[in-house]
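Here are the chains, one letter per residue:
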Amino acid sequence: MYATNYHRASSVEDAVKLASSNDEAKYLSGGQTLLPTMKQRLAAPSDLVDLRHVSEMKGISVNGGKIRIGAATTHAEVANSAEIARACPALAHLAAHIGDPHVRHMGTIGGSIANNDPAADYPAGLLALGATIVTNTRSIAADDFFTGMFETALEDGELIVAVEITAPAKCGYAKFPNPASRYALTGVFVARQGDGSVRVAVTGAGSDGVFRQADMEQALASNFSAGALDGVTVDDSDLMADIHASSAYRANLVKVMAKRAVAAAG
Amino acid sequence: MATVSMTVNGRSVSGQCEDRTLLVQFIRENLGLTGTHVGCDTSQCGACVVHVDGKAVKSCTMLAAQADGSEVMTIEGLASGGELHPVQAAFREHHGLQCGFCTPGMIMSAVDMIKRHGGQLDEKTVRAELEGNICRCTGYHNIVKAVLDAASKMGDGARIAAE
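These protein sequences, in sequence, are chains A and B.
Residue numbering for the first sequence follows the numbering used here, starting at 1 and increasing by one per position.
Residue numbering for the second sequence follows the numbering used here, starting at 1 and increasing by one per position.
Bear in mind the hints are in silico, worked out from the structure with no lab data behind them.
Every value quoted in this text rests on a predicted model; they were computed, and no experiment measured them.
A portion of the hints provided could be inaccurate.
Cut-off 30 Å, straight-line C-alpha distance, at most; resulting in silico cross-link-like pairs (DSS-like, lysine-lysine) [as the list claims (entries may be wrong)]:
#1 K115(B) x K58(A)
#2 K124(B) x K170(A)
#3 K26(A) x K55(B)
#4 K58(A) x K55(B)
#5 K58(A) x K26(A)
#6 K55(B) x K115(B)
#7 K55(B) x K145(B)
Throw the hints in and build the complete structure from the sequences for me.
Following this line, the structure appears as structure tokens:
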């Protein structure tokens, strides 16, 4: 790891100020991606602004159908939250299957979506749930937030403070984990709102990161059952191909995982 | 350079290190507690697992500066008064180790796992919970046996204590 300067932020305001004082500063949330990347010298921020002690960025609240998760809330906290399990069970399931127990004790929802790894789980969940990403300056719809592989709508120095979600009527998440890394080779999150509209988001498969599958959304809006997806064809031309799976294989996985997600949603 | 202070195995410690120093380096090199191992250095193998504020974390994926002010427990802090912790005893009883390199991380993970699940552990859960710990000797079978035995003994102990 190259040398860096560590700063511990005490508030959102303090964090933004610390980060803005240096062009090459980065926010450090759980660090479960950033620190391994720094150890490999693939990232070399001059300064790290630690967010783990910013209390206003932590915690989960559910009021009626409104869910708010602080950006520095860990995967373990989301996975074990009785409130999330009631309001949005697939999100708790998703969080419980990120990485391993030790990673889940440190890794955070804000860190995951700011990184927008094309095989990360949370981007699919938040896109399918139509979440709102709240930063220190504005609110961004998930549809506008995830702009490409490892790319988001965040400006330099902009800090995610929380994620807001309207509890869906039904939701399900299914992923086919890479047998070695456990990252999603393909993961599909399905959410059905009270008005019957359905959103389907796919991670791990798209060559430009997380994306919505419009044909599946239409099919499920008229008939919310796994069988409704039988007639949907998944185009593999924009899907990733690597040593782990071809794009055709991933296209098949999109359909299989979508069906499992619908079945899990009940 | 940063001055880092924390409580390690119940003892207040303080030391100077670079801001980029990993918690595992601080534990091993500043404190001389070499029971915590570095296996992969890529955040995958779990040989470096310690407890920070009561939770199992990979100490190779946390800066020492991040742990400033925390309570840290390493493998050296488990046994009390010369008596092995029940998980350590179970690993010995069931031969839950071959070369032994992954063992400190396995044991710290097992203690954390048993704490979170109580005595309510089955084989499937133990295997899933060991996701973040790799045994290069592939000695998982006896590791799982040891964790299950320790969990049932500790669960029984807790129940007896409650009665």
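Going down the list of hints, with the structure as the test:
1. K115(B) x K58(A): holds, 23 Å
2. K124(B) x K170(A): Holds. K124(B) to K170(A) sits at ~28 Å (cutoff 30 Å).
3. K26(A) x K55(B): Measuring from Cα to Cα gives roughly 25 Å; hence the hint holds.
4. K58(A) x K55(B): holds, 17 Å
5. K58(A) x K26(A): holds, 19 Å
6. K55(B) x K115(B): Roughly 10 Å separates the two Cα atoms, so the pair holds.
7. K55(B) x K145(B): The hint holds at about 23 Å.
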